[in-house]
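Student: Next come the chains, spelled out residue by residue.
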Amino acid sequence: MTRTLNLGDSLPEVHVEATPTFVISSAIATRDFQDVHHDRDLAVARGSKDIFVNILTTTGLVQRYVTDWAGPEALVRAVDIRLGAPCYAHDTLKFFGQVVERFDDGVYVVEVVGRTPQGDHVVGTVRIEVPA
Amino acid sequence: MTRVEEEAARIAAAGESAPRLARDPVNLPMVLNWVEAIGDANPVYTDPEAAEKAGHGGLVAPPAMIQVWTMGGLHGQRSSDDPLGAMMAVLDEAGYTSVVATNSDQTYHRYLRQGEHVAVTTRLDDVVGPKRTALGEGWFVTTRNTWYVGDEVVAEMRFRVLKFRPAEKPAAVAEAVPAAVIRPAVNHDTEYFWQGTALGELRIQRCGGCGLLRHPPGPMCPECGATKPTHLVSDGVGEVYSYVVHHHPRVPGRATPFVVALVELDEGVRMLGELTGIAPDDVRVGLPVEVVFTKVDDDLTMPTWRPRAGGGS
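Line by line, the protein sequences give chains A and B. What the first sequence shows, in the working numbering, is residues 1 to 132, in sequence order. What the second sequence shows, in the working numbering, is residues 1 to 313, in sequence order.
Some clues are possibly wrong.
[To be verified] Not everything, but these chain A residues come out facing chain B in the computed CB check (under 7 Å): (1) Thr30; (2) Arg31; (3) Phe33; (4) Ile55; (5) Thr59; (6) Gly60; (7) Arg64; (8) Thr67; (9) Pro72; (10) Glu73; (11) Arg77; (12) Ala78; (13) Val79; (14) Ile81; (15) Arg82; (16) Leu83.
[Unchecked claim] Beyond 10 Å from chain B on every Cβ pair, some chain A residues (computed): (17) Leu5; (18) Gly8; (19) Asp120.
Since the hints were derived computationally from the structure, they do not count as laboratory data. Quick reminder that beta carbons are idealized off the backbone N, C-alpha and C, glycines included.
All chains should be built: construct the whole structure from the sequences, respecting the hints.
Tutor: Okay, structure coming up:
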């Protein structure tokens, strides 16, 4: 079931709880073994508040946020993200989105913002193709 | 040309690294680990029927997993012709020792099916700097990855990192002790206010265009759009519009608990400040208050509030 998309449509706000388990399991599932994503002592020693979400996970979350809303028949063509404040363990990452561009061939651009208490963790766009 | 720029030109000129094959072909166990961790419930990755229905002709991998397939892994080492590794080494040597990723732009030309084996190449796009950033002085390094299945390009990524020299920690933060106070950010828009407190004046910003009084200060009038702020001097009396009693966390220069009040001035604007001279339990909305100027040092005088004498009950 694919939804009808209109320019300006807002996506429902989605919250992701970045528990330590989430931060670590997603880092490992994306095969990112950098210590700052699983070892709090080392993360703190390197100047971070805590372990934090890795980029590949952020890309995955942005993709998931859009496809959860657009439906399984939507095809993801691009995910462009700009990273801001780190998303630390114990943060709630809040996602907001809006359809900002539409092309003739069923392609849409959805703008996505993921926000933590520190500020914007990620700002980006997802290009999807929705079969007619 | 700086040495960093010379090295960047040399590395960029070497072009694309040799293709590096992923450890594993696209496979369901790794996809399942990924969708479980990310929380992605899209059935086209796990349910053959749903994948069929969506026109994929079989299970596909999440597009956002493209980089996962070619990650170096737990004991991974960069290949000797990897341009990003080479550029990082150059910048490390130049003293830019920290790194933070800033952009990842991925384009997927098609979905990958189970069993496909991708390989990746990397080339250096550009190196821009040195730039002053909030983190410190650094260089933006942009690389481009291309993923292939055989000769077919299936995905691309533009990836940017900031390689920087960590900024010295500001002394004020290092020396934060309870005896100190948090200092206000004084800038072009707010200096009139702090110049006023030093003179014992509570100044309210006034639009030079339409006369609207406003606080906190800003460069432009929200009413008429004029960018000609002036100010007038308040009588410094008002009443508590709202307040909080702050217990935790500890704040430099303050003994907890203390009261922060939002005071509605007789002139109509509201202003935040510490309310002293009254027990927290006795504070109430509507309490008449007046301003007091507390000199912290030669550079800073803080306006605070106290119950107005003869203010009645």
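Student: Each hint should be assessed against the structure and marked as holding or not.
Tutor: Structure-based check of all given hints:
no., hint, verdict
1, Thr30, "5 Å, holds"
2, Arg31, "4 Å, holds"
3, Phe33, "5 Å, holds"
4, Ile55, "5 Å, holds"
5, Thr59, "5 Å, holds"
6, Gly60, "4 Å, holds"
7, Arg64, "4 Å, holds"
8, Thr67, "5 Å, holds"
9, Pro72, "5 Å, holds"
10, Glu73, "5 Å, holds"
11, Arg77, "6 Å, holds"
12, Ala78, "5 Å, holds"
13, Val79, "5 Å, holds"
14, Ile81, "5 Å, holds"
15, Arg82, "5 Å, holds"
16, Leu83, "6 Å, holds"
17, Leu5, "16 Å, holds"
18, Gly8, "24 Å, holds"
19, Asp120, "13 Å, holds"
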